[in-house]
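> Here's the letter readout for the chains.
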Amino acid sequence: MLQQYDLGTSTADGLMVWLEISERDPVSFEPSSMEILSKAREIYDGRIFGVVFGDTELKPLYKEAFSYGADTLYHVKDKRLIDFHPEAYCESLRSIAERINPSIILMSATLRGREVAPRLAASLGAGLTADCTELSMDGSVLQMTRPAFGGDLMATITSESMPQMATVRPGTFPPNKISDDATGTVIYWQYKGDSFKTIISSKRKYHDEKDITEADILISLGNGIKSKDTIRLAESVAKKLGGMVSCSRALVEKGWFPQSRQVGQSGRNVSPEIYLAFGISGSVQHKAGIMTARRVIAVNSDPDAPIREIADELIVGDAENILRELDKIL
Amino acid sequence: MRFVVFVKQVPDTSSVGTDENGNLMREGVPSILNPYCEFALDMACRVKGEGDIISVVTMGPPQAESALFRCLELGADEAFLLTDRAFAGADVYATAKTLSAFLKKFIPDHDLLFCGRQAMDGDTAQVPAELASMMGCGQFYYTEDLVFSDGWKAVQNYYDEERECALKKGDLISVSKGETDPRLPSVADYIRASGTEIKKLDRVDIGLGTFSVGLKGSKTRITSSRPVSISRRGILTDGGDPTEAAKHIKGMVR
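Keeping their order, the protein sequence lines are chains H and P.
Residue numbering for the first sequence follows our numbering, beginning at 1 and increasing consecutively.
Residue numbering for the second sequence follows our numbering, beginning at 1 and increasing consecutively.
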């Protein structure tokens with residue numbers, strides 16, 4: 001049989017997205033997966049394929065995936081895949097990618113997305129761009145833009161081969177439903193491998209608590225906060241405003257907050273409507289983590305604090321006193 | 001036991017200044033061992049037993065030797081520097097390919113692989129998984145602790161889930177937690193490190209073609225870059241009276 005040579009004109013077509021599940025009971029999608037579907041629909045004309053992992057509990061979600069723009073949903077149906085097994089997930093995604101030959105593969109830059117995507121990229125021999133904040137199409141070429149060099153530059157990156165792969169920063173693109181009664185095709189897929197981890201124990205944490213990347217308002221505390229009691233004030237203010245409390249690296253190192261609350265390059269990248277920074281001076285890494293916030297308001301005793309470079313407004317004053325007053329008047 | 005720790009030298013971003021355009025000035029910035037790589041090495045040192053060997057590996061320019069020297073001071077037994085002009089411009093894929101080719105050829109019989117969660121300069125966190133994929137081994141991201149009881153077990157923290165998984169021989173651990181205060185090596189450590197030769201290997205030693213490494217072996221290209229233009233104005237407000245300042249903030253958030 002003649003072998004078909006790929007001479008740069010790829011026949012690859014379609015856009016594939018791994019749709020992450022954040023909760024199984026009741027079942028729900030990771031919000032950022034719907035953001036990616038919305039963005040994909042906006043920039044991409046071809047077919048959009050979603051991939052989900054789990055058992056029958058996922059059925060109520062089919063409609064949601066279609067309503068955000070998926071045309072076809074591959075359901076890798078296996079009870080064992082309710083738990084996160086990066087190796088098995090990767091092998092399944094690879095076998096589906098080999099079947100549909102997509103030109104683009106996207107997933108969220110969540111902790112799990114950032115673990116699965118590179119494993120998949122290497123096994124497909126594909127290039128991968130991490131944590132993109134802008135995506136656009138130039139013909140069939142996906143232009144992937146992400147912060148580089150500690151957030152001071154935006155670099156636009158393209159892939160040299162198909163499929164073109166990227167992870168997308170959660171909260172960057174608005175989720176848009178195209179229609180409540182959109183329909184599509186569901187294809188059941190079987191995982192035939194056995195790359196399962198031996199999970200000895202597992203406990204879900206902060207089950208009732210939202211993730212800071214999902215909060216609309218973040219009250220964020222930094223090294224300028226000297227008293228641990230201020231955390232309670234911040235929690236109270238956050239509750240009144242319907243937001244959450246986050247922090248800079250300094251307070252994680254002090255042991256005042258778990259790392260899950262840390263904003264910045266080595267913590268989480270966040271995109272809230274309003275980011276209120278109390279006593280955060282604004283290291284390069286911290287600024288990189290709040291670049292995509294809608295508005296940034298900083299309170300700092302130092303008018304020259306570097307956070308000003310990324311803030312809409314820097315209020316010069318004592319962060320703890322102002323927070324206390326804010327708590328009183330809300 | 002043979003442990004292999006992959007490390008990277010990075011510019012010390014905490015001491016990076018910016019020029020008049022607000023761009024990072026990377027010239028003359030001191031280089032350090034990437035903090036997460038140091039966590040990974042610390043974890044390997046902590047579980048190391050009598051007769052175990054810790055090998056550290058980095059790919060980088062000749063100056064990256066200093067990062068390896070630091071690793072030797074911290075407790076590594078041997079160090080490999082993969083250095084070649086052809087390695088320049090490598091993206092994640094080309095980097096992982098170079099590291100995996102080295103591993104297959106020079107340390108095929110290894111027990112555990114260690115990486116840091118991410119590099120402070122590149123910040124992609126992709127090399128560990130691509131390396132694991134190319135080695136065909138299991139990967140354990142966000143590992144905070146490693147315990148030995150009836151086999152190796154990794155404690156992984158996904159923020160919303162904490163779990164303990166069993167490791168197999170050859171698996172890769174990506175370490176996300178460690179002591180943040182840098183350890184100071186003793187004089188004895190320094191002397192031991194000084195007496196250890198850092199083995200330098202180039203592309204030919206590793207056995208890769210020019211189209212497999214560096215820019216030519218990369219799957220992605222940076223086509224353009226621009227300074228970040230953030231349309232935030234940085235208005236300065238005097239918040240003299242806390243009550244007034246609080247009212248001002250309330251007005252903005254409501």
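Calculated directly from the structure, the hints in this document are not laboratory data.
Don't take each hint at face value.
[Stated by the list, open to error] With a cut-off of at most 27 Å between alpha-carbon atoms, the simulated DSSO-like pairs for lysine-lysine come out as follows: (1) H:K228 - H:K254; (2) H:K203 - P:K169; (3) H:K228 - H:K240; (4) P:K250 - H:K205; (5) P:K200 - H:K240; (6) H:K226 - P:K177; (7) H:K192 - P:K250.
[Stated by the list, open to error] Pairwise CB distance ranges (calculated): (8) P:D145 - H:K228: 46 to 52 Å; (9) P:R183 - H:G139: 49 to 55 Å; (10) P:E164 - H:S95: 24 to 30 Å; (11) H:K59 - P:T210: 39 to 45 Å.
Glycine included, C-beta positions come from ideal geometry on N, C-alpha and C.
> The structure should be examined with respect to each hint, and the outcome stated for every one.
Now for the hints, and whether the structure bears them out:
| no. | hint | in the structure |
| --- | --- | --- |
| 1 | H:K228 - H:K254 | holds, 10 Å |
| 2 | H:K203 - P:K169 | holds, 25 Å |
| 3 | H:K228 - H:K240 | holds, 20 Å |
| 4 | P:K250 - H:K205 | violated, 32 Å |
| 5 | P:K200 - H:K240 | violated, 60 Å |
| 6 | H:K226 - P:K177 | holds, 25 Å |
| 7 | H:K192 - P:K250 | violated, 56 Å |
| 8 | P:D145 - H:K228: 46 to 52 Å | violated, 26 Å |
| 9 | P:R183 - H:G139: 49 to 55 Å | holds, 52 Å |
| 10 | P:E164 - H:S95: 24 to 30 Å | holds, 29 Å |
| 11 | H:K59 - P:T210: 39 to 45 Å | violated, 52 Å |
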